[in-house]
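Here the structure of chain S is known, so what remains is to put chain F in place on it, guided by the hints.
Okay, here's what each chain looks like letter by letter:
Number of protein chains: 2
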Amino acid sequence: MKTMVVGGAGFIGSHLCDALLANEHKVVCVDNFSLGTKENIRHLQKNDKFTLYETDAADKNALDEVFDKTKPEIVYHLAANSDIQASAVNPDVEYRNTYTTTYNVLYCMRKYGIKKLFFASTSAVYGDKRDVILDENTPNLSPISYYGAAKLGSEALISAFTYMNDLCSLIFRFPNVIGPRLTHGVLFDFIRKLQKDGSHLEILGDGRQTKPYIYVTDLINAIIRFTLADDVKRTGVSLYNLGVDGETSVTHIADMLCEEMGLNAVQYHYTGGEGGWKGDVPRFRYCIDKIHKEGWKAEYTSDEAVRKTIQNVLNTSSF
Amino acid sequence: MKTMVVGGAGFIGSHLCDALLANEHKVVCVDNFSLGTKENIRHLQKNDKFTLYETDAADKNALDEVFDKTKPEIVYHLAANSDIQASAVNPDVEYRNTYTTTYNVLYCMRKYGIKKLFFASTSAVYGDKRDVILDENTPNLSPISYYGAAKLGSEALISAFTYMNDLCSLIFRFPNVIGPRLTHGVLFDFIRKLQKDGSHLEILGDGRQTKPYIYVTDLINAIIRFTLADDVKRTGVSLYNLGVDGETSVTHIADMLCEEMGLNAVQYHYTGGEGGWKGDVPRFRYCIDKIHKEGWKAEYTSDEAVRKTIQNVLNTSSF
Numbered sequence: 001m002k003t004m005v006v007g008g009a010g011f012i013g014s015h016l017c018d019a020l021l022a023n024e025h026k027v028v029c030v031d032n033f034s035l036g037t038k039e040n041i042r043h044l045q046k047n048d049k050f051t052l053y054e055t056d057a058a059d060k061n062a063l064d065e066v067f068d069k070t071k072p073e074i075v076y077h078l079a080a081n082s083d084i085q086a087s088a089v090n091p092d093v094e095y096r097n098t099y100t101t102t103y104n105v106l107y108c109m110r111k112y113g114i115k116k117l118f119f120a121s122t123s124a125v126y127g128d129k130r131d132v133i134l135d136e137n138t139p140n141l142s143p144i145s146y147y148g149a150a151k152l153g154s155e156a157l158i159s160a161f162t163y164m165n166d167l168c169s170l171i172f173r174f175p176n177v178i179g180p181r182l183t184h185g186v187l188f189d190f191i192r193k194l195q196k197d198g199s200h201l202e203i204l205g206d207g208r209q210t211k212p213y214i215y216v217t218d219l220i221n222a223i224i225r226f227t228l229a230d231d232v233k234r235t236g237v238s239l240y241n242l243g244v245d246g247e248t249s250v251t252h253i254a255d256m257l258c259e260e261m262g263l264n265a266v267q268y269h270y271t272g273g274e275g276g277w278k279g280d281v282p283r284f285r286y287c288i289d290k291i292h293k294e295g296w297k298a299e300y301t302s303d304e305a306v307r308k309t310i311q312n313v314l315n316t317s318s319f
Numbered sequence: 001m002k003t004m005v006v007g008g009a010g011f012i013g014s015h016l017c018d019a020l021l022a023n024e025h026k027v028v029c030v031d032n033f034s035l036g037t038k039e040n041i042r043h044l045q046k047n048d049k050f051t052l053y054e055t056d057a058a059d060k061n062a063l064d065e066v067f068d069k070t071k072p073e074i075v076y077h078l079a080a081n082s083d084i085q086a087s088a089v090n091p092d093v094e095y096r097n098t099y100t101t102t103y104n105v106l107y108c109m110r111k112y113g114i115k116k117l118f119f120a121s122t123s124a125v126y127g128d129k130r131d132v133i134l135d136e137n138t139p140n141l142s143p144i145s146y147y148g149a150a151k152l153g154s155e156a157l158i159s160a161f162t163y164m165n166d167l168c169s170l171i172f173r174f175p176n177v178i179g180p181r182l183t184h185g186v187l188f189d190f191i192r193k194l195q196k197d198g199s200h201l202e203i204l205g206d207g208r209q210t211k212p213y214i215y216v217t218d219l220i221n222a223i224i225r226f227t228l229a230d231d232v233k234r235t236g237v238s239l240y241n242l243g244v245d246g247e248t249s250v251t252h253i254a255d256m257l258c259e260e261m262g263l264n265a266v267q268y269h270y271t272g273g274e275g276g277w278k279g280d281v282p283r284f285r286y287c288i289d290k291i292h293k294e295g296w297k298a299e300y301t302s303d304e305a306v307r308k309t310i311q312n313v314l315n316t317s318s319f
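Chains S and F, in that order, give the protein sequences. Quick note, in the numbering used here, the first sequence goes up one by one and the last residue is 319. Quick note, in the numbering used here, the second sequence goes up one by one and the last residue is 319.
FYI, nobody ran anything at the bench for these hints, they're computed from the structure. Here the structure is a predicted model, which is why all the values come from computation and not from measurement. Treat each hint with caution, since some may be false.
No copy labels: a pair is met if it fits in one copy or bridges any two.
Calculated cross-link-like contacts (lysine-lysine; reagent style BS3-like; alpha-carbon spacing at most 27 Å) [unchecked claim]:
1) Lys193 to Lys49
2) Lys71 to Lys278
3) Lys278 to Lys115
4) Lys116 to Lys193
5) Lys129 to Lys293
6) Lys116 to Lys278
7) Lys129 to Lys116
8) Lys116 to Lys49
9) Lys115 to Lys60
10) Lys111 to Lys26
11) Lys49 to Lys71
12) Lys49 to Lys69
13) Lys60 to Lys38
14) Lys49 to Lys60
15) Lys111 to Lys193
16) Lys297 to Lys308
17) Lys71 to Lys308
18) Lys2 to Lys46
19) Lys115 to Lys129
20) Lys129 to Lys290
21) Lys278 to Lys111
22) Lys278 to Lys60
Bound-form chain S, shown alone (with noise of 0.2 Å):
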């Protein structure tokens, strides 16, 4: 099959074009290097089923003119911001690079006739309801970020497309996504941290920040099974929350990381407070029973996959 991965050079979109081509699909890759880099891709283009566009998907005309050229069969929409702390400053951001690529999207979906659509939301389109587990039937999403409200409002514009022009679209609110190809987070501060002084590490907030983290390739295999498995027979919209098997706290990512790092006398110093930044939420907690009644489960714990991404941090080249 024909695919587009818009965002396809990114953490994430860049081990789903690895695997729509293990599995022989052709990939167009489309990405505007803000986020995503060459490095992540450059394994694949020589790659005759692989084809980069060197495009910024907020840019209507430059994209709708990557789509008449090539014409996928189904959109894996993966372009947005995902540095939360960067739109935090200048919202513009999220209005162009999360929400405007989405509706780009969906236009040139619309215009060519493309009726197959994989969507990458969030936890954050929930907002701050800590004290609530989630599920997809949670009423009142009020996001407390740019990007969650970016998120919130593509979706709102899948729902319109979907039903006005027949689409089949595919929603996974994404918790957080770690493995081989990250760029940012906690992890990265905490390393970067570390390696200046082994001795002392600072916490944003008060380190109990809890979340579920998936590992990358887990996300991956769940995309594939539902957009592209035989027995996919989807109408309009379908929406999952994604998650795995338990949370891990922040706290809990520092004494992991400083054992597989081999410090053993490190004094953590929390800079207080529930969250570690405003726009951040400081704990959720998914419900995943939907997605597990359709037989898919994540291989890994959130803290086995927190422990592997530490793992393979460390084993590559850049740190």
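Relative to chain S, chain F alone:
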């Protein structure tokens, strides 16, 4: 108080300008006259508390200039595309006139430290949930029109901007609004058709599309009361379904119109099907307990609002 009404020359916006001025407030009216008209605000132009900016709120720099010059204490954001049938043909209209205007208003409020916002939302955010009595906790909002999607996306933006910048935001989800200065909708279609041929009336759908209609002065009274009364001490986002007693079917609108026009032998021809057009929600009902508990209630029922509007429209010179 210095107020800004974005979309202040529109049907609802101009009534709001009237009411704010009647309450001795200053009004900065921003409109691009895409749907609003000079006619709607002609009577205000000599009022020295009224200032008009012919500015497109979808143009961020232009809107920024108006904020910079005027620095209002409260912003009423009513600019939007209100014609769902028009945007079904070209969804760009909603991206630009409904979503982007909201983003720009919030961007400017953040930049200039303005804390109070009123936002006109809509029943269309719920999508087609015809068998549910819609209250503010109804889950799974799934708009089926680009209009509903852009409004739900706007609500999501307001949620994040309010949290991040300590705003005080009030959102009313309007039902159908009618009254003087209305420019389009089923009533107008019917009048035009009956003026051409008073013996037959084509009715889109099966005529059983049934919605609550609120008279515009009732709506304006609620907005004024909830944003400007001395006892208003809200923080964060407050959201209400704004509704009336009863609902009115399309066939009943035709009946009332024929009666008021003195036509008593009109043959109705139904085009059939449940909805008037794709993206139209054929029936909805609101639970309005939440706003009633605050002590507000509409003066007119839905049927009364429709009949009053019919009488008003038939008495104006343009018909």
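Hints versus structure:
1. Lys193 to Lys49: neither (41 Å within a copy, 57 Å between copies)
2. Lys71 to Lys278: The answer is between: 26 Å across copies meets 27 Å, while 41 Å in one copy does not.
3. Lys278 to Lys115: Result: close only across copies, 18 Å inter versus 38 Å intra.
4. Lys116 to Lys193: Result: close neither inside a copy nor across copies, 43 Å intra and 41 Å inter.
5. Lys129 to Lys293: Classified as both; 24 Å inside a copy, 25 Å across copies.
6. Lys116 to Lys278: For lysine 116 and lysine 278, only the inter-copy Cα distance (20 Å) is at most 27 Å; the intra-copy one is 36 Å.
7. Lys129 to Lys116: For lysine 129 and lysine 116, the Cα distance is within 27 Å only across copies (24 Å; inside one copy 31 Å).
8. Lys116 to Lys49: within (20 Å within a copy, 54 Å between copies)
9. Lys115 to Lys60: within (19 Å within a copy, 33 Å between copies)
10. Lys111 to Lys26: Only inside one copy: lysine 111 and lysine 26 sit 21 Å apart there, 45 Å across copies, limit 27 Å.
11. Lys49 to Lys71: within (14 Å within a copy, 56 Å between copies)
12. Lys49 to Lys69: within (15 Å within a copy, 56 Å between copies)
13. Lys60 to Lys38: within (23 Å within a copy, 33 Å between copies)
14. Lys49 to Lys60: within (25 Å within a copy, 42 Å between copies)
15. Lys111 to Lys193: This pair counts as neither: shortest intra-copy Cα distance 49 Å, inter-copy 33 Å.
16. Lys297 to Lys308: So lysine 297 and lysine 308 pass the 27 Å test inside one copy only (18 Å; across, 59 Å).
17. Lys71 to Lys308: neither (38 Å within a copy, 53 Å between copies)
18. Lys2 to Lys46: So lysine 2 and lysine 46 pass the 27 Å test inside one copy only (17 Å; across, 63 Å).
19. Lys115 to Lys129: between (34 Å within a copy, 24 Å between copies)
20. Lys129 to Lys290: Classified as both: same-chain Cα gap 19 Å, cross-chain 21 Å, threshold 27 Å.
21. Lys278 to Lys111: between (39 Å within a copy, 17 Å between copies)
22. Lys278 to Lys60: The answer is between: 25 Å across copies meets 27 Å, while 32 Å in one copy does not.
In the structure shown, a violation is registered for the earlier hints numbered 1, 4, 15, 17, in ascending order.
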